[in-house]
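Given the coordinates of chain A, work out where chain B should sit on it, guided by the hints.
Protein chains: 2
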Amino acid sequence: MNSLHSGADYKYRQVEQAITGRIETGELLPGSKLPSLRQISSSLRVSLSTATHAYEEMERKGIIESRPRSGYYVRGEFRRIPTPSRSNPAPLEPSLVNKGTLIRTALETVGNDDLLPLGVVCPGRELLPYKRLARILSSVIKTHSDRILDYQPIAGNKELRRQIAFRSIDCGSDISPEEMIITTGAMEALYIALRILTRPGDMVLIQSPTYYCFLQLLETLGLRAVEIPSCPVNGISPADIRHAVDTFDISACILSPNFNNPDGSLLPDERKKEVVSLLAKKNIPLVEDDVYGEIYFGQHRPRTFKSYDRNGGVVLCSSFSKTIAPGYRVGWLAPGRFMEKAMEIKATTNVACVSPTQIAMAQYLREAHYDRHLRKLRQSIKDQTDLMRAEIGRSFPKETRVSNPQGGSVLWVELPEGCDGVDLFFRAREKEIGIVPGSVFSPREAYTGFIRLSTGALWSDEIREGIRTLGKMTAGEI
Amino acid sequence: MNSLHSGADYKYRQVEQAITGRIETGELLPGSKLPSLRQISSSLRVSLSTATHAYEEMERKGIIESRPRSGYYVRGEFRRIPTPSRSNPAPLEPSLVNKGTLIRTALETVGNDDLLPLGVVCPGRELLPYKRLARILSSVIKTHSDRILDYQPIAGNKELRRQIAFRSIDCGSDISPEEMIITTGAMEALYIALRILTRPGDMVLIQSPTYYCFLQLLETLGLRAVEIPSCPVNGISPADIRHAVDTFDISACILSPNFNNPDGSLLPDERKKEVVSLLAKKNIPLVEDDVYGEIYFGQHRPRTFKSYDRNGGVVLCSSFSKTIAPGYRVGWLAPGRFMEKAMEIKATTNVACVSPTQIAMAQYLREAHYDRHLRKLRQSIKDQTDLMRAEIGRSFPKETRVSNPQGGSVLWVELPEGCDGVDLFFRAREKEIGIVPGSVFSPREAYTGFIRLSTGALWSDEIREGIRTLGKMTAGEI
Numbered sequence: 002m003n004s005l006h007s008g009a010d011y012k013y014r015q016v017e018q019a020i021t022g023r024i025e026t027g028e029l030l031p032g033s034k035l036p037s038l039r040q041i042s043s044s045l046r047v048s049l050s051t052a053t054h055a056y057e058e059m060e061r062k063g064i065i066e067s068r069p070r071s072g073y074y075v076r077g078e079f080r081r082i083p084t085p086s087r088s089n090p091a092p093l094e095p096s097l098v099n100k101g102t103l104i105r106t107a108l109e110t111v112g113n114d115d116l117l118p119l120g121v122v123c124p125g126r127e128l129l130p131y132k133r134l135a136r137i138l139s140s141v142i143k144t145h146s147d148r149i150l151d152y153q154p155i156a157g158n159k160e161l162r163r164q165i166a167f168r169s170i171d172c173g174s175d176i177s178p179e180e181m182i183i184t185t186g187a188m189e190a191l192y193i194a195l196r197i198l199t200r201p202g203d204m205v206l207i208q209s210p211t212y213y214c215f216l217q218l219l220e221t222l223g224l225r226a227v228e229i230p231s232c233p234v235n236g237i238s239p240a241d242i243r244h245a246v247d248t249f250d251i252s253a254c255i256l257s258p259n260f261n262n263p264d265g266s267l268l269p270d271e272r273k274k275e276v277v278s279l280l281a282k283k284n285i286p287l288v289e290d291d292v293y294g295e296i297y298f299g300q301h302r303p304r305t306f307k308s309y310d311r312n313g314g315v316v317l318c319s320s321f322s323k324t325i326a327p328g329y330r331v332g333w334l335a336p337g338r339f340m341e342k343a344m345e346i347k348a349t350t351n352v353a354c355v356s357p358t359q360i361a362m363a364q365y366l367r368e369a370h371y372d373r374h375l376r377k378l379r380q381s382i383k384d385q386t387d388l389m390r391a392e393i394g395r396s397f398p399k400e401t402r403v404s405n406p407q408g409g410s411v412l413w414v415e416l417p418e419g420c421d422g423v424d425l426f427f428r429a430r431e432k433e434i435g436i437v438p439g440s441v442f443s444p445r446e447a448y449t450g451f452i453r454l455s456t457g458a459l460w461s462d463e464i465r466e467g468i469r470t471l472g473k474m475t476a477g478e479i
Numbered sequence: 002m003n004s005l006h007s008g009a010d011y012k013y014r015q016v017e018q019a020i021t022g023r024i025e026t027g028e029l030l031p032g033s034k035l036p037s038l039r040q041i042s043s044s045l046r047v048s049l050s051t052a053t054h055a056y057e058e059m060e061r062k063g064i065i066e067s068r069p070r071s072g073y074y075v076r077g078e079f080r081r082i083p084t085p086s087r088s089n090p091a092p093l094e095p096s097l098v099n100k101g102t103l104i105r106t107a108l109e110t111v112g113n114d115d116l117l118p119l120g121v122v123c124p125g126r127e128l129l130p131y132k133r134l135a136r137i138l139s140s141v142i143k144t145h146s147d148r149i150l151d152y153q154p155i156a157g158n159k160e161l162r163r164q165i166a167f168r169s170i171d172c173g174s175d176i177s178p179e180e181m182i183i184t185t186g187a188m189e190a191l192y193i194a195l196r197i198l199t200r201p202g203d204m205v206l207i208q209s210p211t212y213y214c215f216l217q218l219l220e221t222l223g224l225r226a227v228e229i230p231s232c233p234v235n236g237i238s239p240a241d242i243r244h245a246v247d248t249f250d251i252s253a254c255i256l257s258p259n260f261n262n263p264d265g266s267l268l269p270d271e272r273k274k275e276v277v278s279l280l281a282k283k284n285i286p287l288v289e290d291d292v293y294g295e296i297y298f299g300q301h302r303p304r305t306f307k308s309y310d311r312n313g314g315v316v317l318c319s320s321f322s323k324t325i326a327p328g329y330r331v332g333w334l335a336p337g338r339f340m341e342k343a344m345e346i347k348a349t350t351n352v353a354c355v356s357p358t359q360i361a362m363a364q365y366l367r368e369a370h371y372d373r374h375l376r377k378l379r380q381s382i383k384d385q386t387d388l389m390r391a392e393i394g395r396s397f398p399k400e401t402r403v404s405n406p407q408g409g410s411v412l413w414v415e416l417p418e419g420c421d422g423v424d425l426f427f428r429a430r431e432k433e434i435g436i437v438p439g440s441v442f443s444p445r446e447a448y449t450g451f452i453r454l455s456t457g458a459l460w461s462d463e464i465r466e467g468i469r470t471l472g473k474m475t476a477g478e479i
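These protein sequences, in sequence, are chains A and B. Under this note's numbering, the residues of the first sequence are numbered 2 to 479, in order. Under this note's numbering, the residues of the second sequence are numbered 2 to 479, in order.
Hint data in this document are derived by calculation from the structure and do not stem from the laboratory. Fair warning: this is a prediction, and the values are worked out from it, not measured in the lab. Any given hint might turn out to be false.
[Claimed, not checked] Derived DSS-like pairs (lysine-lysine); straight-line CA-CA distance at most 27 Å:
| hint | chain 1 | residue 1 | chain 2 | residue 2 |
| --- | --- | --- | --- | --- |
| 1 | A | K159 | A | K132 |
| 2 | B | K143 | A | K143 |
| 3 | A | K100 | B | K342 |
| 4 | B | K342 | A | K342 |
[Stated by the list, open to error] Computed, partial: chain A to chain B, Cβ under 7 Å:
| hint | residue |
| --- | --- |
| 5 | L150 |
| 6 | D151 |
| 7 | N351 |
Ideal Cβ placement from N, Cα and C applies to all residues, glycine included.
Just chain A, same shape as in the assembly:
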């Protein structure tokens, strides 16, 4: 599962993508014979061993099957899984958010250890570098037993900021340690951003669907949401943003360009540039959520909005919660030109973040373990995502549509017409399966026929069985 990422690795995935692409477009139908290993190695210019590796992987994932002395075939039950359509254009009307109760119920399920973890969007424990982190934290405690009891600066541990700043170059940004505040997870960064930029009653532009905790935050701050539709492939359209900001007095935008939770969409880099530029012209601050930016399945890390920011109007929020250590609660904020105000909000919210975990995280990054860990993590989550998509293809009614994300760790599932996500959520919970109903991802009555499944947990028989059970429930068989 945790196959090492290398040049050869990319090549075998290229083969896999070529084949699954043809299956999904219907070019290769269930039961049809695949090109021979020799043919594919020649047509895609890969070695025979790479082609063999790719076919073996696809067989393991249940996409194809080998028949003795005959070759490889598309599995009978494997079928093209359409992606959910772009959400209905939202009626452009600001809405006060009032989904608290449903969101709270969903959240309780997400944090419930007794349930199959298809609700919580965190990598399974086995995928996290817990041994190395434990070793580093222990050594930090030994070396600095007295210093770890001191307060850290309001902006956060300086070495940690230096390490994060150093990494920011990878995503095209170039943030200095002085332009950054360490926060208790990305959520605190988002919260500080909205405290800086808005007052109760203000309108905030969000993409639809969007992460329910953002909606909860808007609700507690008394803000109104203006939704623009997000397409599960390409995310939001700059034209929609332009229309919305021309129509309403928008105080700030919150967007997740890199693998939006829940639809998994990736906003193309040229669109990012366009969005940043049009909002800068209107002088509207853009709050960017980049928590999934490092979990990309392609060859390159997608850029951030921040990397196109020229006037400090982009407020970047991120964290290590989805990649290293959810419980360490280490996030950060690069508030652009709003630094002074951000420092005041941080100081009056909780003064400073916890010391030992900040120091340990700085040490982890300094020891340069992160990149190797990320390569393994991306591969694992990509595999888990493929396996889950394939299993949904086999187990759910054929009208089901599933997103095909290029990163992140969720699947956005559109159920067949007439199926209700909230109903499925409660029925699944009875069977000890945790999922999140689509309704919580919009302040309006939307996505009632959707669910979100997390692909963060290590693939297992229990998870396969859970997906099958969900499929039967959806089909009305149980």
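Relative to the frame of chain A, chain B by itself:
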């Protein structure tokens, strides 16, 4: 310094208090002979060894001196130090807080390691149980290397809440683990309380002087402050509160009944009861800051407002930052009848607190080290406070007035007329001495002639020298 707290210990302090009391009232003048050990042991009904111990301690602190073959005398330069008067009755007018810049400047000094630590209100590192905490955190990491990476519940680690609930019985409260939320320090508890109870523009009743971070919080939340005067001995008067809530539409009160920072005042328990009852009748929520409640110099832990709460209107905020581990940032909130709303604010601010430090703190409390540590800490801070008061008595101009707190870890110093606290603050900083100017403790132009000195640091020659330098500056000698 860290003499063990015991019955005998109390007795010697009783002797000490009796003598210093007579010195302070002028009954015993500088140079006058003290009662003999035999006389004092008989009149106060303590053993001869206790009386001897008390005299030796007072000699060590520079209050008295022994003359060979003659007995003990009040030291020539020791004199009665008057306590600052109750603040001028504030003009009862709500004021928008706007002290941000001065407070920020003061805060930078507080966190500056290069300065003599008379500004920061935390016990010196040597007084904190850092070795034991390091051992416990290490063992938690070893035992739960994977689990410490998980999120904790929104309300916080259950065992930690259980331990804090168990301790709450000591201060007369009886809070269950389900009535409590773990926060990132007491400041986050205060912040959550005000987010629950107020909207921008609302009026909040505070005592004057009050902790400047509260003022900063009011400022960032756009709240107006209504000040009622606090007396350095007995704190606020219920009559003043009654008058204020009859005059203004107060949304919430923030009070620090136990050793208010900066004036060190202790509100007598019967007044606490009266305040809780009168606010309950008016249905005005009371936010209680109890971070210094455990650092009492007397025999009993003072009660909390919360212990008199009958209708859930008291919101208790506290932390371990002033007693165990500032950098762990473990605080808590007991929001009374506002639990549901408080959980929403916590969830949307930063979801949950850091895991490893919560688990370690729970283990520390479970192992029952806290009480023994507190006994030593109280004694150390009491000693440091006595020593600093005595040194101020010797080094500052005789018109200086100094609080005589019965707990907490600050001294509130009223400078001779014409001396400016902000001026002294900047001059002290040049000599690498960190103090806090009085002006930051009120939204109005008040306390310009005051400074606050922290007594948290272990007494040392450097600190004695620092106090002497401050005294000379105040006297205009340097």
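Hinted pair K143/B and K143/A, Cα distance within 27 Å:
13 Å, holds
Interface hint outcome for D151/A [beta carbon to chain B under 7 Å]:
5 Å, holds
Within 27 Å, alpha carbon to alpha carbon, are K159/A and K132/A?
Status holds; Cα separation ~25 Å.
Does N351/A pass the interface check with chain B, least Cβ-Cβ distance below 7 Å?
Holds, about 4 Å.
Are the Cα positions of K100/A and K342/B separated by 27 Å at most?
Holds: K100/A and K342/B sit about 14 Å apart, inside 27 Å.
Does the structure keep K342/B and K342/A at a Cα separation of 27 Å or less?
26 Å, holds
Classify the hint on L150/A as holds or violated, based on whether any CB of chain B lies nearer than 7 Å to its CB.
At about 5 Å, which falls below the 7 Å cut-off, the nearest Cβ of chain B leaves the hint on L150/A intact, so it holds.
Consistency with the previously given hints is maintained throughout, with no hint failing.
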